[in-house]
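Novice: Using the sequences and the accompanying hints, generate a full structural model.
Position in the sequence shown counted from 1, then plus 1324, gives you our numbering.
The hints are simulated quantities; they were obtained by calculation from the structure and are not laboratory data.
There's no promise every hint is true.
What the hints assert, rightly or not - In the SDA-like style, the derived pairs of lysine to any residue whose C-alpha atoms are separated by at most 25 Å in a straight line are:
1) 1529 - 1514
2) 1451 - 1409
3) 1357 - 1790
4) 2058 - 2118
5) 1765 - 1747
6) 2082 - 2033
7) 1529 - 1553
8) 1357 - 1798
9) 2058 - 1913
10) 2058 - 1979
11) 1602 - 1636
12) 1451 - 1573
To be verified - Label pairs and their calculated CB-CB ranges:
13) 1554 - 1517: 23 to 29 Å
14) 1619 - 1457: 17 to 23 Å
15) 2005 - 1873: 26 to 32 Å
16) 1461 - 1375: 17 to 23 Å
C-beta atoms are modelled at their ideal positions from N, C-alpha and C, and glycine is treated no differently.
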Amino acid sequence: MKVPLRWLKEYLDISLPPAELAERLTMAGTEVKGWQVVGGSWENIVVGQIVAINPHPNAERLSLPTVDLGTEQQTVVCGAPNLKLGDKVVFAYVGAQLIDGHTGEVFRLKAAKIRGALSSGMVCSEKELGISDSHEVIMVLPADAPLGTPLADYMGDVILDLDITPNRPDCLSVIGVAREVAALSGKEVSIPEVGYEEIPPPIDKQVSIEIKAPDLCPRYSASLISGIKIGDSPPWMQQRLLACGMRPINNIVDVTNYVMLEYGEPLHAFDYNQIRGKKIIVRRAGEGETMVSLDGVKRVLSSETLVIADEERAVAIAGVMGGFDSEVTGETTAILLEAANFNPASIYNTGNTLNLPSEARLRFERGISPGLTIPALKRATQLISQLAGGRAARGLVDAYPGKQERKPILLSEGKVKTLLGVDFTPDQIKKALVSLGFDVKPADSGFTVTAPYWRSDIALAEDLVEEVARVIGYEQIPPAMPAEAVPRQNPAPIISLKREVRRSLTGYGFQEVVNYSLTSLELINKLLPKPHPLEPEPLRMANPMTADQEYLRPSLRANLLAALSANRRHEAGGIRLFELGRVYQRRPKDLPEEPEMVCGLLSGSRFEESWHGGDETLDFFDAKGVVEGLLSQLGVEASFEAGGDDSLHPSKQAAVIIEGNRLGVFGELHPKVAEAFELSGAVYLFEINLTALLPFTLGHKLFQPIPRFPAIVRDIALVIDGGISNRQVQGVIKGFQLVTDVALFDVYVGAKLPPGKKSLAYRITFQSPSHTLTDDEVNKVQQKIVDKLSKELGASLRS
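Specialist: Okay, structure coming up:
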């Protein structure tokens, strides 16, 4: 929001220097990003008046105007077609710094002979002064411009560039900023009185309003002005619009933009004679309904779009853009002037869907107050009557189905102290709120406070406390040490878990990858060895920026495999990558589930290239070792069983089981999936659901002293059926009290065994916490282990 200081000074007396004013506004929550000094380079440039115009003796298109400068007169050469006797103009002396109207370069004005005539100065255009891009005609000043006055004193200005927070739409107006400055500087705001002549018949006899969507349009107001003449707006209005970054168009459009900047309420002018049936209907568009907008584009609307319509068709997209069929043209003689209030979410969705940004949309989607419509409408009607020669119909039409009375808010001194930690007096609190326009009345336990009509952001006592702090000044709150020790930080458990996982995996030689949460359907489908519909279907973005970022990722795999493929082209050795992050999984009739996951990839050689050799490649057991090591670091014991993941090799994968819950998977990537990602050689993947794993990591860890008594180690070799897993065998052995460790150290399948059998050799550690074990004790336990293995698994000792 750009606010010219000269315009601001029309509403209150400002004596603060720009730097101090910017500091106060910023400290009160209305950040001043910077300011521009207009006219800072206007030296040797003054206000003059044309007193004579003579033809150039050697050029038909040039003239020799004589300019009265108050203390002297100068005759210069000028080619502008709009020279007029008696006009006040801008005159630049030799040595003035100007902008070349053709090249845009800055230059110093010098005396020169032009077609034989000496010119020691220049009558300037707006572009030569840096005001606008207009350079074909000279700039004409108002008739009351003081002769001989330096232009910097007459037109110089400081334009503040404000960054308005989303909760303060009232500050998207010059008057709104003036109210802020008044409260911070102890001054009073003076709003110009609005009045204009009204003529019969009454407006309600000439136009009617019907709101069919009151949930999207709580208020719609309008005035009717006839007998207007379309033309240019006066220079003072054009200059203010340009200073605020808006392009002047004509007197009607310029007034609507000017009042929007002044009051913060967007307005729109319809050609009254193009309104069929002389009735305005505010309704939802029909599904597929079309309308040509002001920019000449045919828009296809949905049933969620709010439109302004007459009895036959839509004439505007509410709050976003007007329609081509009802726009004000040079032939317009009567206008219907709209000032309305719309649902912020509706305007936001419509603007985004149609990709139509505008100043009006910016204000509506931030939730401006419905109370602004009538004051802004009257002000615009007044200006159009003055500047376009119009005659206003008697009265206004005002449909207000969403009217709500503002409820007073109880504010106590104790509430202020509790939130701010400062004992502000009742007078300080009341003065701060009254300076902002609040109605403050005494109550038994403090005040009852009613927000002014232009504020839409006040709903709670906490909001009022913030206003008190802003106006009195945050810097007035004295610093103090905490009364108690700062509480110990307890970060969310999932954050601690992710930190531990990250630390462990980087310790195993992995590098972390951070990918976008968005991906493409093509990349997701590459995870399927055989094409088939995805179940559940991935979540698609409503407005994707690109086709490569159209869907929320249902897993970390696709983007991580794409990263591995890209790295494999530049790295021949072993690559280990992992990623931590959320995935997004569809749930029926509910918001998506967003579990935290970890996914890792291993590919290539196990060791770095060396003269020692070591050309072994990473395999299934490397992936298994990483999973086991990671879970061990987290204090979690897991078991493994055959998995059924489509993206992995059907016979080279395993599921991670923790207390009966399947929380992850690891194994070799399916060859067809590897081929889809252009990966050669075996690639091993592991994936664990950290959100589901978290509860198993939260238990208290128990520490045991180092055993005082020696251990006894025994090896046994078992012959079992080929379908029995190592996990089943170890489960039986670990069930005995004196067994502290079991390790598989040999697997044999061959001719020396019966068909369908295999041999597993285990090293078992026996140890007692209370005494030194004897061979006899260990022999008894070992025999019980063999007996139980034989009974439950059909195992026998290998001879």
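Novice: All hints, please: hold or fail.
Specialist: Results for each hint:
The hinted pair formed by residue 1529 and residue 1514 fails the criterion: a straight-line CA distance of about 35 Å is larger than 25 Å. Distance check on the hinted pair: residue 1451 and residue 1409 sit about 22 Å apart at the alpha-carbon level, within 25 Å; holds. Taking the CA atoms of residue 1357 and residue 1790, the gap is near 22 Å; set against the 25 Å cutoff, the hint holds. Between residue 2058 and residue 2118 the CA atoms are separated by roughly 17 Å; this keeps the pair inside 25 Å, and the hint holds.
The suggested pairing of residue 1765 with residue 1747 holds, with an alpha-carbon distance near 20 Å, which does not exceed 25 Å. Note on residue 2082 and residue 2033: the hinted pairing is violated, with a Cα-Cα distance of about 35 Å set against a maximum of 25 Å. For the given pair, residue 1529 sits about 23 Å from residue 1553 by alpha-carbon distance, which is consistent with the 25 Å threshold. A distance of roughly 19 Å separates the Cα atoms of residue 1357 and residue 1798; the hinted pair therefore holds under the 25 Å criterion.
Of the pairs offered as hints, the one joining residue 2058 and residue 1913 is violated, with about 46 Å between alpha carbons and a cut-off of 25 Å exceeded. For the proposed pair residue 2058 and residue 1979, the alpha carbon gap of about 21 Å is at most 25 Å, so the pair holds. Taken as a hint, the residue 1602 and residue 1636 pair is honoured in the structure, with Cα atoms around 11 Å apart against an allowance of 25 Å. At roughly 17 Å between alpha-carbon atoms, residue 1451 and residue 1573 fall within 25 Å of each other, so this suggested pair holds.
Checked against the given bound of 23 to 29 Å, the beta carbons of residue 1554 and residue 1517, roughly 27 Å apart, stay inside it. A hinted range of 17 to 23 Å for the beta carbons of residue 1619 and residue 1457 is consistent with their spacing of about 21 Å. Separated by about 30 Å at the C-beta atoms, residue 2005 and residue 1873 satisfy the suggested range of 26 to 32 Å. The given range of 17 to 23 Å is respected by residue 1461 and residue 1375, whose C-beta atoms sit roughly 19 Å from each other.
Violated hints, in rising order: 1, 6 and 9; the structure is consistent with all others.
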